[in-house]
Amino acid sequence: MLSFILKRLVQSVVVMLVVALIAFMLFRYVGDPVASMLGQESRIQDHDALRERLGLNDPFYVQFANFISNAVRGEFGISYRLQQPVSELIASRLPATIELAFASALMALVIGVTLGVMSALKPRSIATALVMTLSLVGVSLPTFLIGIGLIYVFAVELQWLPSFGRGAVVDLGWWKTGLLTESGLRSLILPAITLSLFQLTLIMRLVRAEMLEVLRQDYIKFARARGLSARTINFGHALKNTLVPVITITGLQLGSVIAFAIVTETVFQWPGVGSLFVNSVQVVDVPVMAAYLMFIAFVFVVINLIVDILYYVVDPRLRIGRAAQ
Amino acid sequence: MKRFLLAASVIALAAAATPVSAETVRWARSGDALTLDPHSQNQGVTHTFNHHIYETLLDRDSEGTLQGRLATEWKVKEGDPTVWVFTLRQGVTFHDGAAFTAEDVVFSLDRARSEKSNMKQLHADVESVTAVDDYTVEVKMKGPSPLYPNNLTNTFMMDKTWAETNDVVEVQDFGAGEDNYAVRNTNGTGPYKLVSRDPDVRSVLALNENHWAETKPAVTEIIYLPIAEAATRVAALLSGEVDIVQDVPVQDIERLAGTSGIKVETGPENRVIYFGYKFGEEPLKSSNVTDKNPFNDPKVREAMELAIDREAIKRVVMRGQSIPTGVPTPPFVNGWTPELDAYPATNVEAAKSLLADAGYPDGFTVTLDTPNNRYVNDEAISQAVVGMLGQIGIKVTLASRPIAQHSPVIINNESDFYLLGWGVPTFDSAYIFNDLVHTKEGHYGAYNVGLYSNPELDAKIESLGTEVDLEKRDATIAEIWEVVKGDRVLLPIHNQVLAYAMKDNITLEVHPENQPRIYTVTFD
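Listed in order, the protein sequences are those of chains U and H. Numbering-wise, my numbering puts 324 at position 324 of the first sequence, and it's gapless, one number per residue. One rule links them: number in my numbering = place in the second sequence (from 1) + 1000.
Isolated chain U (complex conformation):
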């Protein structure tokens, strides 16, 4: 067990290093940070001086080594754009992204499972056809359009919900939450719907397919023969057996939700790490971009590590295979 985890940890570190390396290579093509930092009045010699101070004249491998050695100590430098420590910026933006990601994952799970079960139980009803068609529309429309569409309908026309921002937040000292205020909750609704739509469709279709599969199994027939109520069969037996893959997918998708919240955060001016990243890309704020990419890689690595360990615990075959070697 321990050697398995250690091996996985080493692999994770390698993945992080590779991400850092690729990110660093890409940064050379996103533009010149100095040009956007100094602006129109500056002189060529100012550019050179600043580039020297920032260490941008160092060879690639020196810059990379410096970055890694600082990153290991949790130091990502100062944002070129906002002139504040990057680790602090990301930490202050993280709660917004995490709350949004969890809210939308929860929404996707609850609504997705409900609709999936309904459409599996009544595969020929009009409601099912409608839901399936709508889900296709939902999955094919770009997130940006969905966001703007929701803003137009619910904020501009109906004026029920705010169009941007996170509302009032409560500072718990280590976490600024928007979940404890009315305006915070209202602000969460539209972005959470926007972000959840894709996952919701995915989960719904997965549950529906699994459920249809399970309902054809012999033990369901026997359960019916035993005279159990439809409710017990559908939810106690059928649904339970469809949930394993759903939980796996949801867990893995949580990483993507955090990573791909970028568009949603931009549309709703949601003050999370995604919008921080977008603003940084525009002015080539390399320290923030590097730290963000490392952070996302870290999230994926951790989630995968946990999933791997869980599999190891759950699936005896992995353990036996190792023992036999």
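A few of these clues could be false.
Claimed, not checked - So the derived list for chain H, only partly shown, Cβ under 7 Å to chain U, looks like this: (1) Val1201; (2) Leu1238; (3) Ala1399; (4) Ser1400; (5) Ala1404; (6) Val1468.
Unchecked claim - Some but not every residue of chain U turned toward chain H, in silico, with C-beta under 7 Å: (7) Gly31; (8) Asp32; (9) Arg43; (10) Ile148; (11) Val156; (12) Ser163; (13) Gln269; (14) Pro271; (15) Val284.
As the list claims (entries may be wrong) - To list a few chain U residues with every Cβ distance to chain H over 10 Å, as calculated: (16) Val14; (17) Leu121; (18) Ala127.
No wet-lab data here; the hints were simulated from the structure. Everything numeric in this text was worked out from a predicted model, so none of it was measured. Even for Gly, the Cβ is constructed at its ideal location relative to N, Cα and C.
With chain U fixed as given, assemble chain H onto it according to the hints.
Positioned in the frame of chain U, the structure of chain H alone reads:
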């Protein structure tokens, strides 16, 4: 359910219709101030925000006229044309209560001139700054500098003692790996005090009750809300969540102006959009003409000007929101005249025959470098010009990049043909000549991307810096413009127009440098 929805919508509408307290203004624009350290960035958005907290010695009104702010009087010292004397306003205090005196001005100007300051270029000709008494400051220049006061409109005054106490005597150093206190904390003399700041999210300013001005601003609280996405920004105004929106996309202006309860103020910006091309004999890198440089032929440049339809660009690309011009300077600038501003009518046939005369009857190919996120509809302007030049046989390939990638191409003279915009913060033609027209050498010609070089003009341009006789100086400016326009050193298209959208009970004038001052807002 239906009834519930109806009730809910009625409640929501009622909530939205409740007037906000008349004194609070929620002000949205696309980006946030980069820093509150007043000398760390020379950038419009940052200056605009800081103008509410800090103050400058001199300022410009919405006409672009120079006015005293913390200085009440400024003049060249009698008998010494290299010294400027500033008389300071008395009875001004910083937000922490400290008095504003000459030592603060000396400190602030020295800080603005220091190595890590991004304002230092504006003070490059200053030799020393000294306090004569508590309310008089002398600035000794390296030579006669008749227009130095123009450079002071964005140089903010800090309190010397506060800066020393908080260890912010030096400007933020990007390379140092830590941020300084002045990036997030302020102590200015301005009409508002900083209450809270969450970068990129929300900043709150409250009225400074002890401000020196006799008339208090109508707005007592400013909530500043950066909203990066244009569609969301406009939606926020339509839904009543913000009161003033800056950076309104041109395609939304008409719709907003037609919406009840909302009005749009437009006005010219001090920024000209132009095309530039490579001069010199050396063949272009991106052209199929490999033995010479077509742009170096005056006939080709004339043909291009005749082929471009500025009014069509205004009508189609800019939706009417631009002021076509025939000279690369905005009308606010000293040296601009209506004669210079005139441009020839589009004439494709004449352009074609000029091109044939020049030896390119079938035209030629070239790559046009354009930014796509810097100026209003920059990429669309370039696309339109590609089509217009195509009509006379010049086949243009468009290379469109974000400004962060466009800038290095420009600064390193790697472009054959490019689009750029130029603002003139000093409101004087010399600023344009120094950077765009003078041969690229030393302090001059930083943005002379086409490497135009005319030694005779260079000498005249250099003389502008030290000429004290303003009448003579203006005559030289006129002479230079004549050559610049005659040679078609640049191909100007239009001056940008700014649009601010706001609730219709608010009045906010458009500022030529796009630095709206919320303390000038009035309510109906």
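Against the structure, the hints:
no. : hint    : in the structure
1   : Val1201 : holds (4 Å)
2   : Leu1238 : holds (5 Å)
3   : Ala1399 : violated (14 Å)
4   : Ser1400 : violated (13 Å)
5   : Ala1404 : holds (3 Å)
6   : Val1468 : violated (24 Å)
7   : Gly31   : holds (3 Å)
8   : Asp32   : holds (4 Å)
9   : Arg43   : holds (6 Å)
10  : Ile148  : holds (5 Å)
11  : Val156  : holds (5 Å)
12  : Ser163  : holds (5 Å)
13  : Gln269  : holds (5 Å)
14  : Pro271  : holds (4 Å)
15  : Val284  : holds (5 Å)
16  : Val14   : holds (28 Å)
17  : Leu121  : holds (24 Å)
18  : Ala127  : holds (17 Å)
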